[in-house]
Amino acid sequence: MTATFDPNLPAAAPAADHSHDAAEGLAAVRRSPSRMALRRYMSNRLAVAGAVVLVVLVLGVLLLPVFMHLDPYTVDPLNVRAKPTGDHLLGTDGVGRDVFARLVYGGRISMLIGFSAALLAVLIGSLIGALAGTLGGWVDSTFMRMADVFMSFPNLVAIIVVVGIFGANVIVMVILLALFGWTQTARVVRGMILSLREREYVQASRAFGAKPLWLISRHLLPAALSQVVVLMTLEVAGFILSEAALSFLGVGIQPPTASWGNMLQAAQQYTVISSMPWLWLPPGLAIALTVLAINFVGDGLRDALDPRQR
Amino acid sequence: MTEQVSITKDTAPIGDEQPLLQVTDLQVEFRTDAGRAYAVDGVSFSIAAGEILGVVGESGSGKSVTAMSILGLVPSPPGRIAGGSIVLQGQELVGASERTLRKLRGSAVGVIFQDPMTALNPVQRVGRQIAEGIRIHRGLSKDKALERAVELLALVGVPQPELRARQYPHEFSGGMRQRAMIAMAIANDPALLIADEPTTALDVTIQAQVLDVIRHSQQETGAATIFITHDLGVVAELAERVMVMYGGRVMETGRVSTIFRQPRHPYTAGLLASLPSLTRDDAELTPIPGNPPSILAKVKGCPFQPRCVIGRDRDICAAERPPLLEVGTDHLSACHFPDEVGASAPEQQVAPDDSEVRS
Amino acid sequence: MGAYLLRRLASTVLVFFLITIVVFTLIHLAPGDPIAMQIPPDQYTSATQDFIAAKRHELGLDRALPIQYLTWIGHAFTGDLGLSIVNGRPVSEIIGERIVPTLELMSLGMILAIVIALVFGTWAAVRKNRIVDYVITFFSMLTISTPGFFIGIMAIYLFSVKLKLLPSAGMSTTGVHTTADALKHLILPVTILGLTMSAGLLRFVRGAMISELTADYQRTALAKGLTRGGVVVKHVFRNALIPILTVIAYMIPQLLSGAVLIESVFAWPGMGSMVVDEAAKNDFPVLIAFAMLTAILVLLSNLVADVLYTLVDPRVKLR
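In the order they appear, the protein sequences are chains Z, B and V. The numbering of the first sequence is this note's numbering, which starts it at 8 and goes up by one. The numbering of the second sequence is this note's numbering, which starts it at 25 and goes up by one. The numbering of the third sequence is this note's numbering, which starts it at 199 and goes up by one.
Keep in mind the hints are simulated off the structure, nothing from the lab. Think of the CB as a built atom: it goes at the ideal place given N, C-alpha and C, for glycine as much as any other residue. A portion of the hints provided could be inaccurate.
[What the hints assert, rightly or not] Derived DSSO-like pairs: lysine-lysine, alpha-carbon spacing no greater than 30 Å straight-line:
{"hint": "1", "chain 1": "V", "residue 1": "K326", "chain 2": "B", "residue 2": "K322"}
{"hint": "2", "chain 1": "V", "residue 1": "K360", "chain 2": "V", "residue 2": "K382"}
{"hint": "3", "chain 1": "V", "residue 1": "K382", "chain 2": "V", "residue 2": "K362"}
{"hint": "4", "chain 1": "V", "residue 1": "K479", "chain 2": "V", "residue 2": "K253"}
{"hint": "5", "chain 1": "V", "residue 1": "K360", "chain 2": "Z", "residue 2": "K90"}
{"hint": "6", "chain 1": "B", "residue 1": "K166", "chain 2": "V", "residue 2": "K432"}
{"hint": "7", "chain 1": "B", "residue 1": "K168", "chain 2": "B", "residue 2": "K127"}
{"hint": "8", "chain 1": "V", "residue 1": "K326", "chain 2": "B", "residue 2": "K127"}
[As the list claims (entries may be wrong)] Chain V stretches covered by chain B per the calculated footprint, using a threshold of three residues with CB under 8 Å from any CB of chain B:
{"hint": "9", "stretch": "356-368"}
{"hint": "10", "stretch": "414-423"}
{"hint": "11", "stretch": "435-445"}
[As the list claims (entries may be wrong)] Simulated coverage check for chain V against chain Z, where a stretch passes if three residues somewhere in it have a Cβ under 8 Å from a Cβ of chain Z:
{"hint": "12", "stretch": "277-287"}
{"hint": "13", "stretch": "297-305"}
{"hint": "14", "stretch": "454-462"}
{"hint": "15", "stretch": "483-492"}
Working from the sequences, and respecting the hints, build out all of it.
Next up, the structure:
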C-alpha cells in the first residue's frame, strides 16, 4: 500500500532530451531568467513609470546646466525673496540666489549623497554579512549583535549628535549615512550565505578544498546580488530622505552649497511658509518625486527578480 | 454491456434512493498568469449515505479542487465554479449563498486536510480549535464545547486527552495532529466527510494508524466519505467504490473489486501496473511514462491520449472527447476503446514517453 | 523565563556600557574646544588662555578620558548629568523639562501610527490586488517617500495659513491655559508624526496579513463554518500580530528621529528641538546625556521586543 506514483519523476525527463547540446541549453537557461525578470518588470506600470521619471530627473540635474545658464551662487541683496519671474523661474531665496538654479544643483548633491552612501552601505554590509555568514561562531554573533544595535538606533539622532560635533560636508555625510545603513544588507547577505552553504554545489566545492574567500566571490555573492541590488535601490531613497532631514535641521550640507534639504531650511520661518511657497514647495516636491520614483523602481525590481515574494 | 448510458443531468443516479451527494458536470476554472486553467472539466459522480468513495489521481488531476468545490472552499479569486451542479441532501450548492454554505461547513460536511503541520492554527490550543466548530454549530457554552472536544480527542485515540486539549499544535506529533484534525472534522457528526490526502504528509508507519482512525471514525459517525489519495493501495484497503481522475476529468469509476480486477481504462490499467504486487517482482514495477497534462487549454479529445498505447495513434482519441459510459454493472469508463484495455499485459498498456507530441 | 530574562538583561547592560564608552570617546575626540567657542575671537587674549585653562580644570576636562568617563558615569547614576557648558544649568534639569513634551508627542504619535497601520494594512491585505489595496498601497508609498517635515510644512500652510483652523507652533497659545487650546496644538504634530510613522508599519502589516491569509489553517477555520471575517479576526490576525508586535517594539527608537523633525517644524519644546540647538553649540554634556537616553530607549525596546516575542508565540521556547 506504500506504492505511489511520483508525479515529479517523469517531469524531469524532458530536460534529459536537451543534454546533448549542453552549451546551447546552458546559454538559454542563463539568459531566460533575466529576460523573464525584465518582462515582469516591464509589465509593472508603476515600476516603469518610476524608472522613466528617475531617468528624466537624473538627466535633468546633470544636463540642464549644460544647456542653459544657471547660477546657484551669486548673491543679489537687491532682489531678495523675489517671486518667480522670467529671469528667475522659481524666484530668489533669502539672499537673492536663483531658486531654480539651486534646485538643479541641489539635486546633484542630494542624488550624489543618496547614491554614494547606498553604494558604500551595500559594500560594508556585503562584507560584514559575508564574513559573519562564512566564518560563523563568535564573529557572526558579534557582528549580528552590532547590527541589531545599529539597526534600531535612530540614525537621524545619532548623526545629529556626531555631525553637530564634527561638522558636515558631503564626504562626512556619505560615511555617516552608510555607517548607519549597512545592517539590512549584512543580514540579507548573511542569510543567503547560511542557506547557500548547505547546497550541494557549494559543499562540493568545499570538499575540493576551495577557500572561503573564493567561495564567497564565486558562488555566494552572485546569488545574493539580485537581493542586494533591490536593497541598494531602496537605500538610495532612504538616504536622500535622511540628507534632506539633516540639512533641513541645519546639521547637514551647509550653504552656500545647495541641497534639497538645506533649501527647505528656509521653511523654518513662519513667514516663508505663509507667503513664499516658491522657496519650499519645489525642493520638497523634488524630494518626494525622486524618492517615490526610486521606491517604485526598487519595488518593481524586487517583484521582478523574486516573484515569490509578491 | 452493449447498452451504453451516458450520465447527464436528467438521468437518475444509480439506485432508486436519492444519493447523499450528486455532482453533475462540474466545471472549475482558475485564472492564472498564463491564462485560464481548467482544473475540473465536467466531473460527475455521486455518493450514497455511509459509502466510502476513493478518488485517485496525480497532483493536478483536479481531485482536491473537486472536493473543495463542494463546500465552496476553492480560493476565489483566482478559482471559480464555472458550471455544473452539486446537490447535497437535496440542496443545490452551486450558486448557494455564503451563509448557506457556512451552515454546512463543519456540520453536515467535515474536512480533513492534507498537512496537519500547517492546517492547525499554531497559536491556539488544540482543544479550543476543536471546540470552535462545536460552538458555532451547536451554540454550546465554552466549557461544554471543550468537554466535547476532549471526548472527541479520546475517540480518535489521543492519549491523555484532557492534557492534550490544553496544548498547542507544535506540542503534537504529526500523527497526533492529524488525529486532532479528524476530531475537528467529525465534531458535529457530519453526513459527509472529505479526507483530502490525509496520510500523504505523514510517516509511513503513522499512515496505517491514521487510516484506522479514519475508518473507525467513519463507522462511528456513519458519515459518507470522500477519500482523496494518489495511493491506490489505500483505496483498495478502505474504499468500496473508486473514481479515477486525470486532467480534470473522470477516467473511470466503479466498485473497487471490479476495477482492480478488470480496469476498463488504459490510465487505470497503467496505475495498477505501477503498483507493486506480491505475485510480481518489484523489478517489474512500471511507472507511467510521460507528463501529467497541462490544464491550460481545454483538451478536445481524451487528456490521456498522448500517453496512451491504445489512443496515441488514433484520430478519434485526439479529436473527440470520450463520454463517461457504462461498461459494466456500476462501472463507467471514459474511453473510446474500453474493450481493448486488458487485452495485453498491463505493462504494455502505456506508450513510451511522448510528451512532446502535445507540445 | 527568569534565567532567560536575566541573561538578556545582562547583555543589554553590557551593550549599554559599550555604547556609552563609544559615544563618550567620540564626543571628546571632537575638534574645537567648547569653552574657547564661547569666547568671541576678537576678545581672544592671553588672559583668556588662562581663563580657559581654569575653566577646563573646573569642568574636569583636563583629566584623562577614562577618568572623565568614570566620573561622569558615576555621577550619572546619582542623577547628576553634569552642567551645560553653554549656560551652566544642570543637564538633568534641562532634559527634565524637555522630556515630557517629547514623550507626549511620541506616545500619541505611536498610538496613531499603530491604529492607522493595523486598520489600513489589514484592509489592504484582505482586499489584495483590488482598488482599495492599490489606493492604500500607493498612499503609504507616497507617505514613505515624502519627508515628514515637508508634510508638516504643507500641513501648516494648509491648516494654519490658509484655513486658519489650527495653530502652527508650540504647545499652547501664550497666556492661554485651557485643555482645548492644548489639544488644538497637539493635533497637527501628532497627526503628522503618526502618519509618517504608520507608512512603513502599514506595509509590514499588509505583508504579514497576506502571508497569514494564505496559510492552511485559515482554510481549516473556514471549513469549520466560521465567517470570513471571523477567520481574519480570530485566527489570521492573532498569527500576524506576532511579527507585527516585534516590529512595533523595534519602531519605538525610530519614532525619536521622527519626533526630532516634527518638533523642529512645529517649534515643539521637546528634546528634539533641544538637541538640534545644542548640536550647533557643541554643548557636549547635553549631547552625551541625550545620546545615553537614546541608547537606553533603543536597548529597552529591543528587550521588550524579544520578551514580547517569547510571550505571544507559544512555539518559542525560552533557552
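A quick look at each hint next to the structure:
no. : hint            : verdict
1   : V:K326 x B:K322 : 29 Å, holds
2   : V:K360 x V:K382 : 16 Å, holds
3   : V:K382 x V:K362 : 12 Å, holds
4   : V:K479 x V:K253 : 17 Å, holds
5   : V:K360 x Z:K90  : 19 Å, holds
6   : B:K166 x V:K432 : 15 Å, holds
7   : B:K168 x B:K127 : 20 Å, holds
8   : V:K326 x B:K127 : 26 Å, holds
9   : 356-368         : violated (count 0)
10  : 414-423         : holds (count 9)
11  : 435-445         : holds (count 3)
12  : 277-287         : violated (count 0)
13  : 297-305         : violated (count 0)
14  : 454-462         : holds (count 5)
15  : 483-492         : holds (count 4)
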